[in-house]
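> One letter stands for each residue in the lines below.
2 protein chains.
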Amino acid sequence: MHRSTSDNAPVQYLLFLGDTTEHGYAKTAFGLRDWAGDRCVGELALPAATVTTGLPRMSARQAREHGAGAMVIGVAAPGGLIPPSWVPCLVEALEAGLDIISGMHDRLADVADVRAVAERHGRRLIDIRTPPPNIPIASGQRRAGRRLLTVGTDCALGKKYTALAIARGLRARGIDADFRATGQTGIMIAGSGMPIDAVVSDFVAGAAELLSPAAPADHLDVIEGQGSLFHPAYAGVSLGLLHGSQPDTFVVCHDPSRTHLLGYPDCALPSIEAVIAHTVALGRVTNPDIRCVGVALNSSALTTAAAEAEMAALQQRLGLPVADPMRPGAQFERLLDACTP
Amino acid sequence: MHRSTSDNAPVQYLLFLGDTTEHGYAKTAFGLRDWAGDRCVGELALPAATVTTGLPRMSARQAREHGAGAMVIGVAAPGGLIPPSWVPCLVEALEAGLDIISGMHDRLADVADVRAVAERHGRRLIDIRTPPPNIPIASGQRRAGRRLLTVGTDCALGKKYTALAIARGLRARGIDADFRATGQTGIMIAGSGMPIDAVVSDFVAGAAELLSPAAPADHLDVIEGQGSLFHPAYAGVSLGLLHGSQPDTFVVCHDPSRTHLLGYPDCALPSIEAVIAHTVALGRVTNPDIRCVGVALNSSALTTAAAEAEMAALQQRLGLPVADPMRPGAQFERLLDACTP
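Residue numbers (my numbering), protein chains in the order written: chain A, 1 to 341; chain B, 1 to 341.
Hints may be right or wrong, so weigh each one.
Chain A regions said to be covered by chain B (calculated; three or more residues, Cβ under 8 Å) [said to hold, decoys possible]:
| # | stretch |
| --- | --- |
| 1 | 69–75 |
| 2 | 133–140 |
| 3 | 176–187 |
| 4 | 281–291 |
The set of hints was computed from the structure by calculation and includes no laboratory data. Glycine included, C-beta positions come from ideal geometry on N, C-alpha and C.
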């Protein structure tokens, strides 16, 4: 998607942190550092920022000299807008020879100064959240190749990290596996993907079909899930993605420290069993053989001992491998065994 | 939505049939004739058209003299485009003093001649399929008033007609009920609504919340369903609409002559029981009291005797009232009893 035109090598990124003081607003920057660290040459922040990725601080010009091709907006501002205080930095990056990549709802080209400078210097403004034109209505036709989807009991509990960790783990075993991104951070990490939540609802399943096209029989696409079938706002996105992905297998992502949906104090978290049952029942519409192969537990709020106890109890209850993809070891290897086509 | 500005009376329509020769392409015109006949002054067709609604044929100027405020494009052209052969008629309607209302994917203002003439004469070009700006993310919060949703075993088998018939039947019994439209034909019939399949997927449930806002405790919104939870392309739309609508009750619409989904020969029709079970399980996310109150059977392909036998058998099997809303009588009155809050 955003590769350099000369040699088809992935573009190197400078991570822009704006004036961010909230760690949670910088999840794109942290995702890129953690999963595409070899493509991040450094970070750039305004003086007011307190958040850092730990990468070398540098100017846009220095980043260009270090091989960067684009500056990525690695933070979200409240409301999804591009604040005026960022504009001089964006202009400076364009003048230094960098493209700009954004996953915000605001379009870069709608900021007049940014658009004018980009046009003058022939730089690209890449809005990750703009879906491609002419997405078809889903055909529902089975296609070759194998697919695994990460699903969840809620939003924002590890579906992207789980898909990335499974794809990486399987590739390390010599399996032909690709990570398929469906959200802005994932798309920046992968360099391509489909911003599924920005697609018009009639076309969501069709967009998911485009994202993981027909492939050789032994190829596995590991698809980043979105939302939850039991989420009062986003379940439609989750179901369209499930139907279009036609997954053969899925992994349920769960955070045992959550008692209700994030931001929805009146909505109890669904049980893992309910998520499995409904994912199978509805997923059968486009893949009659769909089955759950394991659970990815986000145990970041637990001690190692508590995490291991929780995983053992769940494994016992469900009869499925349970592992935290962020805690490498025998448990995660067993989950990878189950994910191997 | 499109009411005359002077007296807030509903606008009278002239139905435009283009050069249509396929009955199935004119379902908007037939829907308006059947459900908003008192607001249709006549029809206008090109010489090549063979389809007719049976309403008086007249020119745009004559329609204006009969009180029409807008010409409705009552047909869909293959591909959803506005063919050049229609443009002189659209221009003539604008010059005669009519607004134009379209439910097509193509925007009226994207046709240069149409836009220019509309601007010159101060007429409105109303694209029903353009959602309003600033739709919020769904809150999931319960709101006052009661809601009934029509759901289906497939697309295009009577969810709109069923909702319209239930709303009309309940109003005739003195119940404070409104039809809430979610598709282009329904929106033209009602004069307002939400084109739910044109909303960006993240906002579908939020759009459904907007469509049926908080209301007095004894008010009933009868909401037009879309798609099916078991449809490989449109299930995401159906689930977002279900969650945002928070229905207390639902009616399953079914066509006993279908063996597979329309246009999807590889997809078997789900059973009515499966649709009920999954609508209840997923609908509980936003309304724990959701329940099925009956089945609307589209028996248009059956003789009266065969329809009655089919309804009796289904009623026996499901233990729920079963009726064809297009066949008035005791069966439909029992379905209305069950829909009464």
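> Please verify the coverage claim for the stretch 176–187 of chain A: does it have three or more residues whose C-beta sits within 8 Å of some C-beta in chain B?
It is violated, with 0 qualifying residues against the three required.
> Quick check: do three or more residues in the stretch 69–75 of chain A have a beta carbon closer than 8 Å to a beta carbon of chain B?
With 0 residues in contact (Cβ-Cβ under 8 Å with chain B), the coverage given for the stretch 69–75 of chain A is violated.
> Taking beta carbons only, do three or more residues of the stretch 133–140 of chain A come closer than 8 Å to chain B?
It holds, with 4 qualifying residues against the three required.
> Within the stretch 281–291 of chain A, is the number of residues with a Cβ closer than 8 Å to a Cβ of chain B three or more?
holds (count 4)
Hint compliance for this structure: hints 1 and 3 are broken, all remaining hints hold.
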